[in-house]
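**Q** Please arrange chain A with the ligand on chain V, whose structure you already have, making use of the hints.
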Amino acid sequence: MTTAAQAPTPDAAGYFGPWGGRYVPETLVPALEELEHAFMRLRDDQSFQGELTRLLRHYAGRPTALYEARRLQAELGGARIWLKREDLAHTGAHKINNALGQALLAVRSGKRRVIAETGAGQHGVATATVCAMFGLECVVYMGEEDVHRQALNVVRMRMLGAEVVPVTSGSQTLKDAINEALRDWVTHVETTFYLFGSATGPHPYPLIVREFQKVIGIEARAQMFEQTGNLPHTVVACVNGGSNAIGIFHPFVDDPVGLVGVEAGGTGPAETAATLEAGSPGILHGAISYLLQDEDGQIAPTHSIAAGLDYPGVGPEHAHLRDSGRAAYVSVTDEQALEALQTLARLEGIIPALESAHAVAHTMELAPTLPADASILVNLSGRGDKDMDTVVGALGAMG
Amino acid sequence: MSRIPAAFRDAAADSRLVIAPYVALGYPDMPTSVALARAYLDSGADMLELGVPFSDPIADGPTIQRATQRALAEGATVAGCIEAAAAIRASTGAPLVLMGYANPFMKWGYEDLARDLHGAGVDGLIVPDLLPDDNDDLASACNAHGLNVISLLAPTTPSERIGRVAERGSGFLYCVSLTGVTGRRQDLQTGLTAFLQRVGEASTLPRAVGFGVSTPAHVGALCGQAEAAIMASALIDIFDAAPPSQAVSRAAAHVGAMVDAARCR
Ligand SMILES: Cc1ncc(COP(=O)(O)O)c(C=O)c1O
Chain V
1 MTTAAQAPTP
11 DAAGYFGPWG
21 GRYVPETLVP
31 ALEELEHAFM
41 RLRDDQSFQG
51 ELTRLLRHYA
61 GRPTALYEAR
71 RLQAELGGAR
81 IWLKREDLAH
91 TGAHKINNAL
101 GQALLAVRSG
111 KRRVIAETGA
121 GQHGVATATV
131 CAMFGLECVV
141 YMGEEDVHRQ
151 ALNVVRMRML
161 GAEVVPVTSG
171 SQTLKDAINE
181 ALRDWVTHVE
191 TTFYLFGSAT
201 GPHPYPLIVR
211 EFQKVIGIEA
221 RAQMFEQTGN
231 LPHTVVACVN
241 GGSNAIGIFH
251 PFVDDPVGLV
261 GVEAGGTGPA
271 ETAATLEAGS
281 PGILHGAISY
291 LLQDEDGQIA
301 PTHSIAAGLD
311 YPGVGPEHAH
321 LRDSGRAAYV
331 SVTDEQALEA
341 LQTLARLEGI
351 IPALESAHAV
361 AHTMELAPTL
371 PADASILVNL
381 SGRGDKDMDT
391 VVGALGAMG
Chain A
400 MSRIPAAFRD
410 AAADSRLVIA
420 PYVALGYPDM
430 PTSVALARAY
440 LDSGADMLEL
450 GVPFSDPIAD
460 GPTIQRATQR
470 ALAEGATVAG
480 CIEAAAAIRA
490 STGAPLVLMG
500 YANPFMKWGY
510 EDLARDLHGA
520 GVDGLIVPDL
530 LPDDNDDLAS
540 ACNAHGLNVI
550 SLLAPTTPSE
560 RIGRVAERGS
570 GFLYCVSLTG
580 VTGRRQDLQT
590 GLTAFLQRVG
600 EASTLPRAVG
610 FGVSTPAHVG
620 ALCGQAEAAI
630 MASALIDIFD
640 AAPPSQAVSR
650 AAAHVGAMVD
660 AARCR
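Chains as they are written, first to last, in the working numbering: chain V, 1 to 399; chain A, 400 to 664.
Extracted from the complex, chain V is given alone in its bound form (with noise of 0.2 Å):
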């Protein structure tokens, strides 16, 4: 296990190094300490991790399968490409994983409302899927443009029982979502849980994601061992907020393991959403981080075909790794998740999400530099039936 002297940990005022922070309205003040009081006493509390194990256990089917891409090695060469396979936990993508703790958190709490943004759908689908089961009210916003690429995603909401907001305001994209969710929370914060999705947002939501969404990379480790016995060359993740990617660096930082986090590259530098890459410091819903900004500290538009990465902001733990160089931070483009997406749906039969093919795209680029006895550990955090209206319109465009 990782000595959490070592990891790099939020301070009491939840900064990574520079990054992080609590930049919100004082209305919140009191409900982010709440929940930070909460988080740190039922952490250590038995009947809280049991019940959270069970539920990781035998809802959302944990330990997900760590299956070799043997295929894919074939036809790239190189190292030999492992796959998180996040794609088959309940719901589909990893954000299962937090939603559960922090639904978890929101009964022991006594709030009965949550609320929640969604990008790609995959974040509300599973905070729409756990307050079904735990019996609690849900309301979840989404930007207009994504609930029309996300169609499939918004049906699956509606049927567990969630109010879907479309947000169209700004973007009308994740952006859009989390402003109207927080004004949701200021407007009834006594009242209500908001289930935060990344590993962004004030302290200590990028804690508490991070220690949701860590069991990725623990048992990700402990299989890595177990098929190979050997640690990994290097672990790929997409990052948008960075929950995935965080979630199976964590478990990783102190072992001599590379790290790299993949970023959407739109259609290239002018219509990007490569956060660490064409972005500089400043402060956006709750934290101080990179941020994709104008000369004027106004927001700026993003790009990506994947919903899921289409945010102009990173977690500050993630800022603080690539400062350190203790991870890399690397972009693909939309068209080559697209390519990505196709390569591991004809060679192995898994149809990643968008937001995962970008990872993929990355090892695929990374492979045949390495030698045959190193192992790419990939986290495919989720799988591609919501984009499917998205790659068949992308792919009919592109001819």
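To be clear, the hints were calculated from the coordinates, so they are not data collected in a lab.
Some hints could be false.
[To be verified] Among the chain A residues that face chain V by a calculated CB cut under 7 Å, a handful are:
#1 Val-433
#2 Ala-434
#3 Ile-457
#4 Thr-476
#5 Ala-501
#6 Pro-503
#7 Asp-533
#8 Leu-551
#9 Val-580
#10 Gln-585
#11 Pro-643
Yeah, the Cβ is synthetic: ideal placement off N, Cα and C, and Gly gets one too.
**A** Just chain A with the ligand now, kept in the frame of chain V:
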């Protein structure tokens, strides 16, 4: 030297509340917003809050969201807002307080911002997403230039935190009247009296009540409970509902009615 303390002293001496309307700089365009600010002063406003637009205003309801998005679409910038403040300063001795979200200010650079605001004759700064717990850099830059950094308090702020927050700010305390975002309201939130009382017990700084303050009756109800009233969305709604040629004068007339209601005797 900030002009804020004197404005509160003068108002207290004649048993008035300080009336502080908000102007969304750049809405519907920069010259009109400057004209609106001057009209508010002519109607008797004691202090102005000058809003700098931001793309993601999380503490604002639909009215201010719409106004500030329009301002950005019309090309409003931080530089343009500082120039507008200087233009307003040229014809008034009333305190001017800039209000905006943290990111455009951080991008400008807190040191440069404090210097430039001082140069423009601005007296203070309100940043609703920068808590006193996390604003050391901005606060020290502003202190060096004699600018007040205004602390915000909410009905949810626990009593033991009020004193700490108040201590880290200066000028006045911005008391958010309700648990929610900005916007016009029918009634002031129940519990406001108790909240303002808790604030008064914890600090001697004047209390300015904002968010939802919409009518002269709301202002009158604050007599004896607070030292200032801030109004924003209701004025923009009146401005928007009026025919364009009368928009400025109608909004200014509403400020005039608020000024009348602020005479507490
Ligand atoms: C399958 C999948 N992977 C990755 C992400 C990106 O989020 P994060 O960076 O928090 O893992 C999303 C977000 O919606 C997703 O649905």
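**Q** Honestly, which of those hints from before does the structure not fit?
**A** Hints 1, 2, 10, 11 are the ones this structure does not satisfy, whereas the remaining hints hold.
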